[in-house]
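**Student:** Assemble chain S onto chain D, guided by the hints.
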Amino acid sequence: MVPITYYVSLSAILFAIGAIGVLVRRNAIVIFMSVELMLNSANLAFVAFARYYAALNGQIFVFFVMAVAAAEVAVGLALIVAIFHSKQSINVDDLDSLKG
Amino acid sequence: MLFQAAAQGPQFFYLAPWIVFLPVIGLLINIIIGGRLPEKVVGVIGSTAVGLAFVVSVLLAISLAGHHEAVIVPLAQWIKVGNLDIPWAFQVDTLSVTMMLVVSGVGTLIHIYSIGYMHEDVRHNGDPKRFRRFFVFMNLFIAAMMILVGSDNYMMLFVGWEGVGLCSYLLIGFWYEKGKDGIGNSLAAKKAFVVNRIGDFGFLLAAFTIFWAFGTFNFTQVFEKAPAMAAVAPVILLFITLFMLLGVTGKSAQIPLYVWLPDAMAGPTPVSALIHAATMVTAGVYLIVRSAPLYNLTPQSQFVVTLVGSLTALFAATIAVGQFDIKKVLAYSTISQLGFMVAAAGIGAYYAAMFHLIAHAFFKGLLFLSSGSVIQGIERGQHHVEHDPRLAKTLKGNSEHLDPQDMRNMGGLRTRMKTTFWVYLIGSLALAGVFPFAGFWSKDEILVSEMAYKPILYVILALAAFLTAFYMARQVMMVFFGEPRTLAAEHSQESPKVMTIPLIILAVLSAFGGLINLPKLTIFGSIQEITTKWLEHAVEKGYLPEFTLWIGLTSTAVALLAIALGYWLYGRRYQEMLKLPTAKRPEDPIIAFIGPVFTALKNKWWVDELYWLIIVDPYVAVSKWLADVVDLRFWHDWFHDIVLVGGFNLLTRVLSVQIDLGIIDGIANGLGWLAQRLAAAMRRLQTGFVRNYALAVFFGLVIILGYLILR
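Respectively, the protein sequence lines represent chains D and S. Residues 17 to 116 (the numbering used here) are what the first sequence spells out, left to right. Residues 3 to 713 (the numbering used here) are what the second sequence spells out, left to right.
In case anyone wonders, no lab produced these hints; they're calculated from the structure. Given the structure is predicted, the values throughout are model-derived calculations rather than measurements. Backbone N, C-alpha and C define an ideal beta-carbon position, used for all residues, glycine too. Careful, some of the hints might be misleading.
Unchecked claim - With beta-carbon atoms standing in for the labels, derived distance ranges: (1) D:Val-46 <-> S:Ile-669: 49 to 55 Å; (2) S:Leu-673 <-> D:Val-91: 39 to 45 Å; (3) S:Asp-667 <-> D:Lys-115: 32 to 38 Å.
One chain only, chain D, in its complex shape (with noise of 0.2 Å):
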């Protein structure tokens, strides 16, 4: 049986390589699915920690945040779609109204 150390390292290098997605990437297409990678890495730990504990609480968990993630993305996808048809961009470093 695989120890529980090497579902929790993989679940913070996959973080932490959607948290550096998010933050160096400008595409927003790309941070999103960096952001989806975040998740997913969540989605590991808990269903790793359910599996350790022998409990059901983090599977379930882990359908609500799919769920979410699917609402999310649909309206994420949306916001996109609206703002390339106002910049005609979707770097998001283009989008600095709010820029003091």
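**Tutor:** Using the frame of chain D, we list chain S on its own:
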């Protein structure tokens, strides 16, 4: 006693307040509905009110005949503060009732006369609507005079004292838009008021000292405490009596405050008769007689009083000789006669003073009213001449300059105004002191008293009596005898009955007035000394004059001599003089004998000018200096404009520029500036790059988590 028959009869003391209420009711009726009533009704209402007051006075006299002691009739509380207690209360005693009888009796006759006189006067002066106002003022005067004589304390007396002064002012200035330069009458009224104020100041000081020394204003209580005060501190009594004398000189027109009375002749003639001859001006004499217990305790004051009276009597009599205005002569005569009364009151011959006061009210009221009749007779004559086309031509436009009061414009009225002539003659003889008219008896008592006091004062008064007879003879000669000197005098007409009947009544009183106080001689039986016995119940016995034959004879001789001299000068020489051409004709036949002295007499010894020089001019100069330099330049220009306004401006500048703009605005602006700088610093954070925000969130999360884990 005259009223012996009524002894133990009914008592009407409770009616006392009505002597004031009745005239007040009369004037209220005239004020409220008089405007809609015909003239005659207004006059009748005014006269009836005073007539009823006279009836009440008679009832009070009858009551006193059976009950000689003074009765206090309280009416209302007036002032009660601490131990100061001044009521409205009437003191009904023989003295006050005597005054009430004179005031309301002579007052009624003068009111009736005024109905006729004012009827013409308001038309002559061109404002018939003032007829009602005249009677309102006259009734107000009677009410005030009744308060004066009826009061039982000095403060209520002062109310009446000021009330009659006010009425005097109102009536002197009755034709306030007339007179010299259209302001002469107003100035005369103002002069009377201001001069009286000086006297009132003396009266007030005396009254306040009375309260300070005795703790009361009530006559009876003051007089009870006076002897003890005289023993301890006579100087206080001296102070009181001398300042009271100042009040007397103001109201009763004595030296040095007599100057207002001649000018007061600006009022209508009935006013001169009622206020400035018969009643108000005698208030001073009444005050001295009323305060007899105080004067009896201060011989020094008595001397001053009698000296003032005697000198006034002589001084005013000399001036009367040099006057050409018929009313001015009578005015100076009044001052002179008041001097007689004051002189008598001063030496304690109170009964003699009161006797002369009553007699004088009769004959001087008569003389003034008759002079009014003469003046209107001339005015009627003038009116007749102006409206007769044949006669008007001879006037050659001089008509408007005719002064109807100037005796030089008269003459020969004897045959034209018969009734007026006869009553005037009686009044003059009474004033001159010819036996057996009223003035002889009353003046004789005064002369006897003065002889017993100080012979030199007797000489002064006898001289005054000589001059009195002389100027009255002069007046009668100039007005009634000889040939008319103007067309107006030639065509003068007698006055209506409503005027002549009061004159006849007063003439009878002047002729037989002596009966009320015949001297103590057996031939007069039970009718001797009626007034003396009557007044004994109210006034302390002072000096009681006894009839002295040689003084009586001297007085008569002096009077007859003066009349003869007057007849010779003005009945004979004046007529001869008139034949001379105007340029060569002297103003007055007496100039040939006394020369420049006449100019002095005519100019009233320049006393008015002297007063102007030493009092009025410096006063005006001081006023101007105060107004111009102190008030305008110092107070207004410097203090207000520079100190106050400048200081205020400076203060507001400091407040607005330094405090408001500097500090308050500085704080507000500083806060704004700070917020701006802060915002400018903060805006750098808002890069607008989403990733920056994400990084910030990330670091924040890391820090929070780090803290939570590592703490």
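**Student:** Run through the hints listed earlier and report the numbers of any the structure violates, in increasing order.
**Tutor:** none
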